[in-house]
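A.B. asks: Both chains are given apart, each in its own frame, so use the hints to dock them into the complex.
Protein chains in written order, with the numbering used here: chain A, 13 to 234; chain B, -11 to 292.
In case anyone wonders, no lab produced these hints; they're calculated from the structure. Values in this document were obtained by computation on a predicted structure and should not be read as measured data. Be aware that a few hints might be false.
What the simulated footprint calls covered on chain B by chain A, stretch by stretch (three residues with Cβ under 8 Å from a Cβ of chain A suffice, anywhere in the stretch; the number is not a length) [what the hints assert, rightly or not]:
1. 48 to 61
2. 84 to 92
3. 98 to 112
4. 150 to 162
Each residue gets a CB set at the ideal place from its N, CA and C atoms; glycine is no exception.
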Amino acid sequence: MSASVFRSYVQKDLFLATPIMIGAVVCGIISIGLVHLGSVGVYAALIVMICAGASPAVFICMYSILGERKERSNLFAMSLPISTYQYVFGKLTAACIGFLVPWAVLALGAFLIFYKLPVPGGVLPAGLLFWGFTFLQFAGMLAVTMLSESEALVVAAVVVFNVSISFYIFLIMHIPAVGSHVNGRVAVWSPVVFEVFAGELLLAMLIIALLLVRLARKRDFI
Amino acid sequence: MNDPKHFEERGRVLAELNGVRKRYGNVTALDALDLEVRSGELLALLGPNGAGKSTAIALLLGLAQPDAGRATLLGRPPLEVASRREIGVMMQEVTLAPELRVCELVELAASYYPNPLSVHEALAVSGTTPLGARPYGKLSGGQKRQAQFAIAICGRPKLLFLDEPTVGLDVQARETMWSTIRALIGQGCSIVLTTHYLEEAEALADRVCVLAGGRLIASGSVDEIRSTVSRKQIRCATSVSTESARQWPEVLKATRDARHLHLTAVDAETTVRHLLAADPALRDLEVRQAGLAEAFAELTKEAA
Chain A
13 MSASVFRSYV
23 QKDLFLATPI
33 MIGAVVCGII
43 SIGLVHLGSV
53 GVYAALIVMI
63 CAGASPAVFI
73 CMYSILGERK
83 ERSNLFAMSL
93 PISTYQYVFG
103 KLTAACIGFL
113 VPWAVLALGA
123 FLIFYKLPVP
133 GGVLPAGLLF
143 WGFTFLQFAG
153 MLAVTMLSES
163 EALVVAAVVV
173 FNVSISFYIF
183 LIMHIPAVGS
193 HVNGRVAVWS
203 PVVFEVFAGE
213 LLLAMLIIAL
223 LLVRLARKRD
233 FI
Chain B
-11 MNDPKHFEER
-1 GRVLAELNGV
9 RKRYGNVTAL
19 DALDLEVRSG
29 ELLALLGPNG
39 AGKSTAIALL
49 LGLAQPDAGR
59 ATLLGRPPLE
69 VASRREIGVM
79 MQEVTLAPEL
89 RVCELVELAA
99 SYYPNPLSVH
109 EALAVSGTTP
119 LGARPYGKLS
129 GGQKRQAQFA
139 IAICGRPKLL
149 FLDEPTVGLD
159 VQARETMWST
169 IRALIGQGCS
179 IVLTTHYLEE
189 AEALADRVCV
199 LAGGRLIASG
209 SVDEIRSTVS
219 RKQIRCATSV
229 STESARQWPE
239 VLKATRDARH
249 LHLTAVDAET
259 TVRHLLAADP
269 ALRDLEVRQA
279 GLAEAFAELT
289 KEAA
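Chain B with its partners taken away, still in its complex shape (with noise of 0.2 Å):
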C-alpha cells in the first residue's frame, strides 16, 4: 500500500462493460449495462438470482461476447492471453479433475503464467497448506473453493474475479479467506468479487453495484448504498405494545422480543419522540442506519 507507483496507479480503470446487451434466446440477460473496475478496489458486484452477475463476469473474462457494446479487460479485448496473464478466477460450480492432488492443480494452473507463486506460497498464501497432498476429488465442497482460491492467486493477479468464494466455508476458513482478500487488495490487487452473503460485501467492499434485471440499479460505497434506504432501525426496551408503535405513520414494521421493542422507521426522530411520550422510563434506546441487506432488499425489490 505505500508503494508510490501503487497510489499513482489507484482508481484506474482496469475491466470495463460499456453499454453492453446480452441475450440468452428470449431471457435478456444484460440490458445497456455499464460497469468498472477500477485499480486497487474490490467491487462487490450484487443482485438477486438472474439478475445478470455471472453474465457480466463471463463478458468480462471473455467466456461469452456481447451481442452489442463492448467489454475490456486490461486495456485490451478480454479474450487476448495478455490480458488473461494478469488475472485470476474462482469460478462457481465449476469441477476439476478430481484425480489430480491440490498441489498438481495449483503447479498446472500456474504454469500458464509467466511469474507465479511457487505452489507452496500460493498454497500458504491460501491457507491450504494442509490440502495440497489431497486429491481434488476427496475434498468437501467448502475445501474445494479454497483450492480454487489458491488456484486463482497463484499466478499473482493484477485483477482477481471471485464468484461466491465463501460458500460452504466454515467461520475459521472464511476469516482465513477474507483475511487473504484484505491483503491482497493492500498489495495492490483489484478484486470484482460477487456474493449473496450481504455481510461479506460489507465487510470486504470498497464500492458495490446492485444488478436487477440484466440492469445497474445503484452503484456506490457500502455507506452510499445504504444511504438510498431512508428508513431507520430502532430498538428499545419498553412497555409500549407493537400494536401501538404501528399506530405511529412513520412506522414500517414493530415486532418485539423478549426483552426488546424492534421498529423500522423512516423518520427515526419522530419515532423517537413519539416512544419517548408513551414510556418515558424505556430503556436501551439504539437507532441505527438500515443495513446493506435492508438497502439491497428496497432497492432489488423497487426494480422488480
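Bound-form chain A, shown alone (with noise of 0.2 Å):
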C-alpha cells in the first residue's frame, strides 16, 4: 500500500512535469547542433545549455512547489490517506527526478559532444563544475520554495539562485586547476575539479536530506 500510494504521487508529478522535461532535453539537442557553427556556434550552444539546465529548476520550484500550495492542491494532497513524509518525500523525489533526469542526459550528451566532434575541450572541467552548481542551486531554491510561505521571497530566491551562475563561472574561473586551462584543446582533469565537484553534489544532496527532515516533522499546511 505505501509503496503505490508513494508511486501515485510520485508518478502524478512527473507526468506534469514531463512536458519541461522534454523541453530541455530537445533544447539540449538544438544547442549540440548549435555548435557545428563555428566559435559563435559554441558560445550560442552553451548559453541554451546553460537555459536548458536550469528551466527544470525553476519550472518544478514554481510551478509543481508554489503553484500546488497556491491553487491549494496540496491540501487535497494531503487529505488523501498519504502520511506527511510519504507528501513530502514522494514531491521531492518527483522534483529530484524532473531535474535530474533533464541534468544527466544534457549532461552526457554534451560529454560526448565534446568528445566526438573535433571542438576544444579545455572547457570540459569548468562545464563539469557548472553543471554540479546547477544541481547545487537547484536544492538551494527546492529549500527555499519549501520552506518559505512567502510567493515573494521564492521569487526573489529564483532570481538571486540564477544570478549566481555568473559569479559562480567567474568564481571557478580564479581556480588555477580550472581557469589556466578553459582555452586548452584538451581537459585537464585534475583532482580539484573532482574534488569541488564532488562537494558541490554532497552538499546538494545533504540541503534535500535536511529538507526532507524538517519538512517530514511539518504539522500545519495552512
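C.D. replies: This is how it looks when you write it as C-alpha cells:
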C-alpha cells in the first residue's frame, strides 16, 4: 500500500513535469546543432545549454511546488491517505527526478559531443563544475520554495540563484586548476576539479536530505 | 440502513474536537470549541464567513494542529494514514491538475485507498459519467465540484467531509448530489457538511452546529435550532395595513405584497387575535415557525 501510494504520487508529479523535461532535452539537442556553427555557435550552444539546464529547476519550484501551494492542491493531496513523510518524500523524489533526468541526459550529451567532435575540450572541467553548481542551485531553490510561505521570497530566491550563475563562473575561473586550462584544446582533469564537483553534489544532497527531515515534521499545512 | 451492525454503531463518535483553540496571528479562529461527528449522521456546520468552519474541518483532517485541545479522527490522531483511509474529502477552492481527465483524477485518488470503487462506479454514483473523459481544466465551476465529489466518494468513505459541495451547481445537478448524499447516509456513511445554503442544511442535516467567532453557539436538530427562535411567520389576505400591524407590540416586522400581508411576530396567537378583530373577513391565514434561515440570522446576530 505505502509503495503504491508513493509511486502514484511521484508518477502524478512526473506526468505534470514531463513537458519541461522533454523541452530541456530538446533545447540540449538544439545546442548540439549550434556547436557546428563555429566559435559563435559554441557560445550560443553554451547559453542554450545553461538555459536548458536551469529551466527544469525553475519550473519545478515555481509550478510544481509554489503553484501547487497557491492553488491549494497540496491540501487535496494531504487529505488523501498519505502520511506527511510520504507526501514530502514523494514531492522531493519527483522534483529530483524531474530535474536530474534532463540534467544527466544533457551532461552526458554535452560530454559525448566534446569527445566526438573536433571542438576544444579545455572547457570541459569548468563545464562539469558548472553543471554540479546547477544541481546545488536546484537544491537551494527547492529548499527556499518548500520552506518559505512567502511567494515574493521564493521569486526573489529564484532570481538570486539564477544571477549567481555569473558569479559562480567568475569564481571557478579563478581556480588555477580550472581557469588556466579553459582555452586549451584538451581537458585537464585535476583532482581539484573532482573534489569541488563531489563537494557540490554532496552539499546538494545534504540540503535535500535536511529538507526531507525538516518537512516530514511539518504539521500545519494551511 | 437495515444492517443491524449499522444500527449498533449508530451514534458512535467518529471525529471529535475537544476544547480546541486555534489562532492565526492575532486572529482567534477557534476558541475552546467542542464538536462531535457521530456515526450515521449528517452534521451541517453553519456559520457566517470567518466563523471558523474551515479551520474546524482542517483540524479534523490534520491539515492544521490546534494550539490547545485535541482533535481525533476515527479514534486516532487525524494525521495517521489509517484514519485517512476511511474518509473522503471535498474541499473548497482547491485546484486539481487541469491536464488530467476526470476519470484519471478519480483513478489516481482511488489508488490511495485499500478498497476503492472502480472509476466507472465512482462516476456513476456521483452522476458524473458524462464528465469522465473531459480534462478537468475544461470543466465549468459546477462541473468541477461534481468531479471533486466523485473523487471524494471513490474510497468508500466511512466519513465524508463536504465543504460547500453545491456551489455553482445547477438545480438538476444539486438534486442529483443531494440524492447521492442521502443514499450514502442510507448506506451508513457519515457526513460533515459545511454550507452557506441553509435550505441545503434544512433538507439534509440530522444535526446542525452553528459557529460564530470561533465558538459553538448552537447545536441540535434542524427543528431544535428553529425552535430556539421564538418568532413566527404569519401570512394572510387582509385589509389591515402594514402601518396598523406595526402598532401591535408583538409584531417585529410587517410587509405586504400584491395579495398578502406578511408579519413576523414573537407571539402568533395574540397577533392572530388582533388580525381577526381588525378584519373578521381575512382569508388564507397561514402561521409557521421561523425557518432555519431566520434562526441562523438571529443566533449569529446575538453572537456578534
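A.B. asks: Would you mind marking each hint as holding or not holding in the structure?
C.D. replies: Here is how each hint holds up against the structure:
Counting residues of the region 48 to 61 of chain B whose CB lies closer than 8 Å to any CB of chain A gives 5, so the stated coverage by that chain holds, three being the minimum. By the rule of at least three residues with a Cβ nearer than 8 Å to a Cβ of chain A, the coverage given for the region 84 to 92 of chain B holds, with 4 such residues. For a cut-off of 8 Å, the count of residues in the region 98 to 112 of chain B with a CB near a CB of chain A stands at 4, and the three-residue condition holds. Figure legend: the region 150 to 162 of chain B, annotated as covered by chain A; annotation inconsistent (0 residues with Cβ-Cβ distances under 8 Å, at least 3 required).
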